[in-house]
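Engineer: Listed below are the residues making up each chain.
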Amino acid sequence: MNNQPRLTLHIPEPPARPGDHPDFGGMKLPKAGETMRPDVDAAEPTMRDMPFGLIRVLDDGHHAVGPWDPHLEADVLHQGLRAMMLTRAFDDRLFRAHRQGKTSFYMKSTGEEAIAVAQSLMLDARDMCFPTYRVLGWLMARHYPLLDLVNQIFSNAGDPLRGRQLPILYSARAYGFYSISGNLGSRFGHAVGWAMASAYKGDDRIALAYVGEGTTAEGGFHEALTFASVYRAPVILCVTNNQWAISSFSGIAGANETTFAAKALAYGIPGLRVDGNDFLAVWAATQWAAERARLNLGATLIELFTYRASGHSTADDPAKYRPADEALQWPLGDPIERLKEHLIARGEWDEERHAALQSALEDEVRAAVRAGEAIGTLGKSKPELGSMFEDVFKEPDWRVIEQRREMGV
Amino acid sequence: MNNQPRLTLHIPEPPARPGDHPDFGGMKLPKAGETMRPDVDAAEPTMRDMPFGLIRVLDDGHHAVGPWDPHLEADVLHQGLRAMMLTRAFDDRLFRAHRQGKTSFYMKSTGEEAIAVAQSLMLDARDMCFPTYRVLGWLMARHYPLLDLVNQIFSNAGDPLRGRQLPILYSARAYGFYSISGNLGSRFGHAVGWAMASAYKGDDRIALAYVGEGTTAEGGFHEALTFASVYRAPVILCVTNNQWAISSFSGIAGANETTFAAKALAYGIPGLRVDGNDFLAVWAATQWAAERARLNLGATLIELFTYRASGHSTADDPAKYRPADEALQWPLGDPIERLKEHLIARGEWDEERHAALQSALEDEVRAAVRAGEAIGTLGKSKPELGSMFEDVFKEPDWRVIEQRREMGV
Amino acid sequence: MPVMNMVQALNNALDEKLGADPDVLIFGEDVGYFGGVFRVTDGLQAKHGLTRCFDTPIAEGGIIATAIGMGAYGLRPVVEIQFADYILPAFDQLVSEAARLRYRSNGEFWAPLTVRTPYGGGIFGGQTHSQSPEAIFTHVVGLKTVVPSNPYDAKGLLIAAIEDDDPVIMLEPKRIYNGPFDGHHDRPLKTWAGHPKAEVPTGLYRVPLGKAAVVREGRAVTVLAYGTMVHVALAGIDEAGVDAELLDLRSLVPLDIEAITASVRKTGRCVILHEASRFGGFGGELSALVQERCFDHLKAPIERVAGWDTPYPHAFEWDYFPGPARLVTALRRVMEY
Amino acid sequence: MPVMNMVQALNNALDEKLGADPDVLIFGEDVGYFGGVFRVTDGLQAKHGLTRCFDTPIAEGGIIATAIGMGAYGLRPVVEIQFADYILPAFDQLVSEAARLRYRSNGEFWAPLTVRTPYGGGIFGGQTHSQSPEAIFTHVVGLKTVVPSNPYDAKGLLIAAIEDDDPVIMLEPKRIYNGPFDGHHDRPLKTWAGHPKAEVPTGLYRVPLGKAAVVREGRAVTVLAYGTMVHVALAGIDEAGVDAELLDLRSLVPLDIEAITASVRKTGRCVILHEASRFGGFGGELSALVQERCFDHLKAPIERVAGWDTPYPHAFEWDYFPGPARLVTALRRVMEY
Ligand SMILES: Cc1ncc(C[n+]2csc(CCOP(=O)(O)OP(=O)(O)O)c2C)c(N)n1
Ligand SMILES: Cc1ncc(C[n+]2csc(CCOP(=O)(O)OP(=O)(O)O)c2C)c(N)n1
Ligand SMILES: [Mg+2]
Ligand SMILES: [Mg+2]
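Listed in order, the protein sequences are those of chains C, B, E and A.
Using our numbering, the letters of the first sequence correspond one by one to residues 1 to 409.
Using our numbering, the letters of the second sequence correspond one by one to residues 410 to 818.
Using our numbering, the letters of the third sequence correspond one by one to residues 819 to 1155.
Using our numbering, the letters of the fourth sequence correspond one by one to residues 1156 to 1492.
With the rest of the complex left out, here is chain C (with noise of 0.2 Å):
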């Protein structure tokens, strides 16, 4: 062993920090088209290599290419482009909320809009979400109200969730969407025992699961994976690749070593790598992955490939460990822009429109945002006080009912 080198220990880097100029040139990135689309019943060994693919269907001209197009109707497209554009606009406008102290906290998803949104409208509005903090776009392809929205991140009066939570960690049953807690991936494993429910009741409902490829490291999350795949559980599995999870780039997470979509090879079950950015590559990776769950197939893994263009959250500034303009080099483009242009491309879209689109949008943003603020900002306006005693159990014991009496309420 003596001539041996002495051990070190290997710490990853990201390739660039603030002042380094954002380099994705070594990013090896198939061409749109490029990646194979298997049958949703082909053998498991035949579909090992598809981790390492990544499905795209937009190509640079902006037109839907390849086995994985999904041929939507225009309608759906311009459903899905509402939808983000929405999104970003309520982004924008509470972010500054949250500037302007109106509330505690925010988070963004800039840049990851497409994933939420086409795999919202996907999916049958019985089946159900278990989502991260970063999916507003679910809800927002499901008309859930902004006003509703507005009220839990103010705390008011009109929080639907009466001031128990977070600001954006919401719970919305009749949209298909489970309750967000602030503990990384702890749910990911309930839509397995949601969907093996379903299985169990010999219903046709599947689930569908979000984590940011950081919390992929937890152990719930293989807990999860191990759990569908030995019950074959009808669900979809996703984890968001954006590249960041707070600080640290996707190399602390492992992903200097491999992609997110090849650990679903530990579990024998399907991993596809699809393009976060392009709408329609979202769309058929998820819409073959559901097919797969509602034929008894089981469950499939997808890392949707894309970038957080924004800061972790309002407590974060992402300039302090990236390089400032890494979000505009992204390879993979903006998913907006890439619909919109796909829509233009296709001549069911144009500039003037997009612009209305828009301010029709904002306006919409801005008068949930008023009519939030006439209820009350944070602290402004508050549920009533005695609810706070309640739900902790479905009847209160004596505990919390001394409690109540001893605060008077």
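Derived by calculation from the structure, the hints in this document are not laboratory data.
Ideal Cβ positions, reconstructed from N, Cα and C, are used throughout, including at glycine.
Take the hints with a grain of salt, since some may be wrong.
[Stated by the list, open to error] Here chain E is said to cover these stretches of chain C; the calculated rule only asks that three of the stretch's residues, wherever they fall, bring their Cβ under 8 Å from a Cβ of chain E:
| # | region |
| --- | --- |
| 1 | 156–165 |
| 2 | 171–184 |
[As the list claims (entries may be wrong)] Only some residues are given here: those of chain A computed to face chain B with a beta carbon under 8 Å:
| # | residue |
| --- | --- |
| 3 | PRO1212 |
| 4 | GLY1216 |
| 5 | GLY1217 |
| 6 | GLU1252 |
| 7 | TYR1258 |
| 8 | ASN1261 |
| 9 | ASP1320 |
| 10 | ASP1321 |
Given the coordinates of chain C, assemble chains B, E and A with the ligands onto it according to the supplied hints.
Structural biologist: For chains B, E and A with the ligands alone, coordinates are given in the frame of chain C:
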């Protein structure tokens, strides 16, 4: 969706239950010598089929064949054979000691002896093993005193762990053997941390850790592999796939969907699948992984394909959940028999010497048990009572000082 | 009336709930074909079918997460954690998810799961098959924790737990699965036969969560206990020869504060008995509550008799275990105060 | 002497330990290049090198497991869990492994790790960035738990924790990272400037684990507090106008039982203040201990002022938080008893 089938919940079941005829005929087993041996510094993408092969060296005629033949001296093989036979003799004797009421619990490693013995001999004295309860062979290969084992099992005045632990949950730092605990899998990550520490210090020591195939489902397994991969820890992570986890067949851990070695693909590290009943194959795979580790090339996952020939523990009756003769049908035979036949085929061994060794080892074990009994079996002799209040912390605090006083010791 | 031990009573409760409610299902490590390492689910898969009672991967966090998701869908999962010592990998799921889902979603989702798990020592299980983790659950808002001490209560509490719309942890004192145990480990084993609480009615009945049982009436001192310790308490009271009132708490959360308060106000003395380590144990909460609510009635300090502040050592099981002798000492001290 | 806030004092402790001991290293989520979401590790990677202070995957259990393995090798890892709410996925590692390794191996291996984690509410963090989980650690035999209330103690306790050969959890009250906070959330923010305990010497010094500090001497009632609540207690005592003695416990395990007992024996009254939910909280243990050891000296019931038995609701942060008003009520009640 309406003309689609109703969902059903899939619960995996083993091929045979008590009363059925065990049939391993469907098992796809590559021939000895068939699975290729990549260079230790081969690129990860070129090794992605390794988890689906099976590294075997001993062929049906008991000859060592193929690229993985480690070309070992007979001397090493004799050491290995002796340690394996000693392990089995000890297991049999102490299992009976439990039946005779001499202790509270025992677990055997029958059928799996090649694994720990080969790995213990292959690695260096300064390396560290993070064991399970089924790798007694590690200590046997390194000549750990039998009497210390017996005393630990009897929790008597001679117990090196002073009565703190359930029988067989040894700790033997000087033998490169980390403290075992009843909790499954919770030391897998310690091995990674230990190996990272070695790398941090520029040392050349590496770590090896075990879990059973059932335990791979625990979240900690995934977290350990994630850290091992991200920091390229010099560690060998072993899954002992003995087909059973108490009464649950390996399909409950995902074996029907893919191999356990394939879990390596999730982390971009090599995953070797090895005939765990083939001493030479285990040695060769371990050597390959150790070389990688020492060359700063990082971690390897090894699935050791074997069969738990005995019950789970003294508390278990396997005839309740699997065919009574399933062990005999195991297509990869018995590790001791196979190494013995190989030595005979090499002209280095014969039946007489084998029988003589067997009875010498039985004598050795009997003598150790007698010596342990002379000190005392469980409850008949104890370490000093006051010692139960020591080592909670390095220095006792007032609580244990007061409580010890209350006990009058 | 059928006579059952605790294992049979629990099995019977599960059997009847599986039969009565198609939304009830059972899973956990080795609970399926084999019927569980303590045999509590014996025969249930054969009788009710593969999907009603099945084995899981060894991942306690995954088991609880799956159960929460099923609960959110509308099922009533009953899961087994093989030993309470191994519930810790699921602690985050229990605390951050099961216990908080109803509150944080303003009642949109909830987690009506029941977690059964054998706990406690006295079986030479060593450090990791002997622990009593109740205190780390009782502090968690949103979790209920119950502990039966006999077959009748075991069945009734389990049915009540399954029917409850909130997460319930049922700690099953494994030392008394097959017979009551009073701490005299050197005496012959007893079975449940002949014990009045081993008469277990067929059919669904409930022991309500939140109601203690007065096991023995008395005027001199109140003893609070649960699980195995109820039997130890009876022995200790007997040996001390004091006119003690013994409360079997049965449910730690919700706690029957009225029964406790009424008893201590009557007796003026209180001794708390549990097997878990003393420091930070549930006895601290009980002591604080009693002191707060019965201060003027107290004639002597409230005493705690509990496991030592060490792990549970294999060789010294009976030195760690707070048996009748330790209770007798405490009772005498309290009475002589 | 340099004036530091708590973040700076902690950073300084880490900086000096990294400089003095090559076996000390730091890791956790976002602690490397970025310096931690609360900036406690700011600049340490740049100054001491990539392997001395680095980012980890988001896996709290993995972080603790890695640290235990490093500790077994011989290093002294200091890890950060980004919020105490997120320490739960690592609970099994802390309890079953870190806390038990020395005992079960009869001293062959031990786990000298330090776990730093910001805890407590008052920053509008909602349910999962506000909790105070000390009680689930103080019950665990083999774990030490400390809580500083000012910059001087923060540095001294952290150094002592790192040098300790047993696992230590350091709960950092994030509400007072940048300034003392007395619970009057509607008053202007204070910084540490001018506070005597913000004078932090350079160089290595220790605040011993297990020693409480008498923050204010008094004869009428003893107030026990730690972390942020020390400042709330000062305000409440002031507003109640009582001659209270205030003990800052600093270390919950090991606990300075002598200081507590001596004080309550002197004053005859005791009020315990903590931010965690009351039921099963650490206050229960404190109350039980005080009652057991000072029974004859008690002139009034021991009171607990604590968070309610609900999750920490975002909108009602200040209704949940046990501020000075609640303490004043308790102090008056105790004094008038
Ligand atoms: C269990 C847990 N650990 C740590 C945190 C703190 N935290 C919040 S967001 C975040 C990064 C998550 O990154 P990723 O999973 O990639 O999701 P993204 O924010 O990029 O969408 C961390 C570490 C948490 N909320 N929960
Ligand atoms: C965390 C944890 N969960 C459950 C158990 C109970 N248990 C002990 S051994 C065992 C089966 C382990 O099977 P496997 O990992 O395949 O190892 P093998 O016994 O086959 O060597 C179980 C479930 C435990 N000891 N620890
Ligand atoms: Mg991310
Ligand atoms: Mg096994």
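Engineer: Does each hint fit the structure? Answer for all of them.
Structural biologist: Evaluated hints:
no.: 1; hint: 156–165; in the structure: holds (count 5)
no.: 2; hint: 171–184; in the structure: holds (count 7)
no.: 3; hint: PRO1212; in the structure: holds (5 Å)
no.: 4; hint: GLY1216; in the structure: holds (5 Å)
no.: 5; hint: GLY1217; in the structure: holds (3 Å)
no.: 6; hint: GLU1252; in the structure: holds (5 Å)
no.: 7; hint: TYR1258; in the structure: holds (5 Å)
no.: 8; hint: ASN1261; in the structure: holds (5 Å)
no.: 9; hint: ASP1320; in the structure: holds (5 Å)
no.: 10; hint: ASP1321; in the structure: holds (5 Å)
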